[in-house]
Structures are given as structure tokens and as C-alpha cells.
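Here's the letter readout for the chains.
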Amino acid sequence: DGGITQSPKYLFRKEGQNVTLSCEQNLNHDAMYWYRQDPGQGLRLIYYSQIVNDFQKGDIAEGYSVSREKKESFPLTVTSAQKNPTAFYLCASRAGDTQYFGPGTRLTVL
Amino acid sequence: AQSVTQLDSHVSVSEGTPVLLRCNYSSSYSPSLFWYVQHPNKGLQLLLKYTSAATLVKGINGFEAEFKKSETSFHLTKPSAHMSDAAEYFCVVSDLWKSSGDKLTFGTGTRLAVRP
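Those protein sequence lines, which keep their order, are chains A and B.
For the first sequence, the working numbering assigns the number 9 to the initial residue and increments by one for each residue that follows.
For the second sequence, the working numbering assigns the number 2 to the initial residue and increments by one for each residue that follows.
Wrong hints could be hidden among the right ones.
Stated by the list, open to error - Here are the simulated lysine-lysine pairs, BS3-like style, with alpha carbons at most 27 Å apart: (1) B/Lys104 with B/Lys69; (2) A/Lys79 with B/Lys50; (3) A/Lys65 with A/Lys22; (4) B/Lys43 with A/Lys17; (5) B/Lys43 with A/Lys91; (6) B/Lys50 with B/Lys104; (7) A/Lys91 with A/Lys17; (8) A/Lys91 with A/Lys65; (9) A/Lys79 with B/Lys104; (10) B/Lys59 with B/Lys43; (11) B/Lys70 with B/Lys59; (12) B/Lys59 with B/Lys69; (13) A/Lys78 with B/Lys69; (14) B/Lys104 with B/Lys59; (15) B/Lys43 with A/Lys78; (16) B/Lys50 with B/Lys70; (17) A/Lys79 with A/Lys22; (18) A/Lys65 with B/Lys70; (19) A/Lys17 with B/Lys70; (20) A/Lys65 with B/Lys59; (21) A/Lys22 with A/Lys91; (22) B/Lys104 with A/Lys91; (23) B/Lys69 with A/Lys79; (24) B/Lys50 with A/Lys22; (25) A/Lys17 with A/Lys78.
For the record, the hints were derived by calculation from the structure and aren't laboratory data.
Hey, can you work out the whole structure from these sequences and the hints?
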């Protein structure tokens with residue numbers, strides 16, 4: 009099956025801990041994205057990568073970090089510097105002008 | 002700068018009646034426009050997109066949208082609602098190759114409820 013996978017589906021973290029969210033795609037897309045979704049709001053862009061070994065900050069990058077060592081993978085680390093990390097995180101990849109989304113990871117900070 | 006306004010945060014219809022979800026956009030260039038649907042705790046699924054071909058765009062599950070440049074609108078419609086249509090819908094604009102580079106701008110979403 010072709011698509012975008014995110015793991016885990018649910019993640020719980022204690023305050024002060026870093027946590028890494030996984031995003032993998034087998035669609036052979038160059039560009040990948042991370043978004044954050046909060047209730048009643050649209051999606052906000054955290055980071056994006058247009059090609060391997062390159063990535064750019066989005067609108068709300070503070071407290072997050074990413075890497076893009078492989079075309080298929082674009083992991084997101086939520087660091088302890090992120091003041092309000094509880095949210096639903098969505099990964100996407102792009103073909104042409106269309107973005108395709110993974111199923112999401114719900115992160116809860118205890 | 003581009004922006005998207007979804008005019009209704011909640012819409013409730015009866016099963017079998019028409020659906021209308023309204024979206025207005027602002028863009029400095031000729032945009033690409035999308036509608037995505039999101040069911041609870043799921044990712045976003047592409048319903049349809051407009052990219053300057055036909056102004057009436059047909060999508061999946063019986064949905065369609067009409068691009069009206071004079072009104073800067075891209076409203077989503079469906080002739081007959083089904084219970085499975087209950088979800089959140091996002092209108093999205095992209096100026097991919099132009100001013101904003103490689104970014105989408107999302108509306109805040111419209112939650113559609115379908116009554117039996």
C-alpha cells in the first residue's frame with residue numbers, strides 16, 4: 009500500500025521530556041510537512057522540507073526540531089522548550105500542488 | 002498575502018437534504034483551492050481541488066465546488082447529505098509557485114452535523 013504513516017497514534021509525555029514523532033511515506037514525494045492542529049483552529053505549519061537534507065521553519069517552529077536524512081522519513085521532535093505541546097500533529101507530503109496527509113499523532117503532556 | 006474565511010463554524014442538515022459549506026478566499030495571484038475532510042482523530046482527506054481548469058469541480062463522495070472569481074468564493078455543495086458526511090471540512094488556498102512559495106493557508110474549518 010502506498011501512503012503516509014505516522015506513529016504512534018497516541019503519545020503521552022511528561023513535562024520536561026523531549027519526544028519524537030515518526031512520519032514515513034512511500035509515495036516518492038520530495039516535499040514533506042509537519043502541521044499542528046488545535047481545537048477550533050486550522051492547521052498551522054511547523055516545519056517543511058522540499059528535499060533531502062534541507063528543511064525550513066514554518067509559522068510556529070519554536071520548540072520543535074526536524075531532520076530529513078532520507079526521502080521517506082521526516083521525524084519531528086517536540087522539545088521541552090515547546091510551552092504548550094498538547095495537540096494533534098499531522099504530517100503531509102506533496103505531489104505537484106496537492107498535499108496528502110497522514111493519520112496524525114495525538115500528543116498529550118501530563 | 003493569502004487568506005481563507007470559512008463563513009460557518011457549524012452547519013447542521015437533515016439526511017437527504019442539500020449541503021452548502023461556504024468559503025471565501027483572498028489571494029494576490031490565481032490560486033489553487035482545495036477542500037479537505039477530516040473525520041474525528043483522523044488525517045485530512047482530499048475531497049477536490051481547483052487549479053484553473055473548469056470552474057465547477059467534482060470531487061469524491063458526490064461533493065462539488067464552484068470557483069467564482071468575481072465573488073472570491075469556493076463553496077462546497079452536495080445534493081443529498083448522508084450520515085457518513087458528518088465531519089469537519091477545511092477550505093485551503095495555495096499560492097504554491099508564487100508569493101508564498103511552498104505553503105498552504107487553511108480555513109478554521111466547518112463542522113458538519115447530519116441529523117437522521
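Now the hints, each set against the structure:
Our distance criterion of 27 Å between C-alpha atoms is met by B/Lys104 and B/Lys69, whose separation comes to about 22 Å. For a cut-off of 27 Å, the pair hint linking A/Lys79 to B/Lys50 stands: about 26 Å separates their Cα positions. Simply put, A/Lys65 and A/Lys22 have alpha-carbon atoms about 25 Å apart, close enough for the 27 Å limit, and the pair holds. Between B/Lys43 and A/Lys17, the direct Cα distance comes to roughly 10 Å. Compliance with the 27 Å bound is thereby established for this hinted pair.
Under the criterion of a C-alpha separation no larger than 27 Å, the hint pairing B/Lys43 with A/Lys91 is consistent with the structure, at around 25 Å. A hinted pair counts as satisfied when its Cα atoms are at most 27 Å apart, and B/Lys50 with B/Lys104 qualifies at roughly 16 Å. About 21 Å separates the Cα atoms of A/Lys91 and A/Lys17, which keeps this hinted pair within 27 Å; it holds. With a CA separation close to 17 Å, the supplied pair A/Lys91 and A/Lys65 stays within the 27 Å bound.
At roughly 19 Å between alpha-carbon atoms, A/Lys79 and B/Lys104 fall within 27 Å of each other, so this suggested pair holds. With a CA separation close to 23 Å, the supplied pair B/Lys59 and B/Lys43 stays within the 27 Å bound. Between B/Lys70 and B/Lys59, the direct Cα distance comes to roughly 17 Å. Compliance with the 27 Å bound is thereby established for this hinted pair. Between B/Lys59 and B/Lys69 the CA atoms are separated by roughly 15 Å; this keeps the pair inside 27 Å, and the hint holds.
Of the supplied pair hints, the one linking A/Lys78 and B/Lys69 is violated, its CA atoms being roughly 41 Å apart against a limit of 27 Å. The straight-line distance between the Cα atoms of B/Lys104 and B/Lys59 is roughly 24 Å, inside the 27 Å bound, and the hint therefore holds. Straight-line distance between C-alpha atoms of B/Lys43 and A/Lys78 comes to about 25 Å, which keeps the hinted pair within the 27 Å bound. A C-alpha spacing of about 15 Å is found between B/Lys50 and B/Lys70, which places the hinted pair at or below 27 Å, so the restraint holds.
For a cut-off of 27 Å, the pair hint linking A/Lys79 to A/Lys22 is broken: about 31 Å separates their Cα positions. The straight-line distance between the Cα atoms of A/Lys65 and B/Lys70 is roughly 32 Å, outside the 27 Å bound, and the hint therefore fails. For a cut-off of 27 Å, the pair hint linking A/Lys17 to B/Lys70 is broken: about 40 Å separates their Cα positions. Between the alpha carbons of A/Lys65 and B/Lys59 the distance comes to roughly 34 Å, so the proposed pair goes past 27 Å and is violated.
Only pairs whose Cα atoms come within 27 Å are accepted, and A/Lys22 paired with A/Lys91 is accepted, the gap being roughly 12 Å. Using a Cα cut-off of 27 Å, the hinted pair B/Lys104 and A/Lys91 holds, with the two alpha carbons roughly 24 Å apart. Straight-line distance between C-alpha atoms of B/Lys69 and A/Lys79 comes to about 38 Å, which puts the hinted pair past the 27 Å bound. Of the pairs offered as hints, the one joining B/Lys50 and A/Lys22 is violated, with about 40 Å between alpha carbons and a cut-off of 27 Å exceeded.
Of the supplied pair hints, the one linking A/Lys17 and A/Lys78 holds, its CA atoms being roughly 22 Å apart against a limit of 27 Å.
In this structure, the earlier hints numbered 13, 17, 18, 19, 20, 23 and 24 are contradicted, and the remaining ones agree with it.
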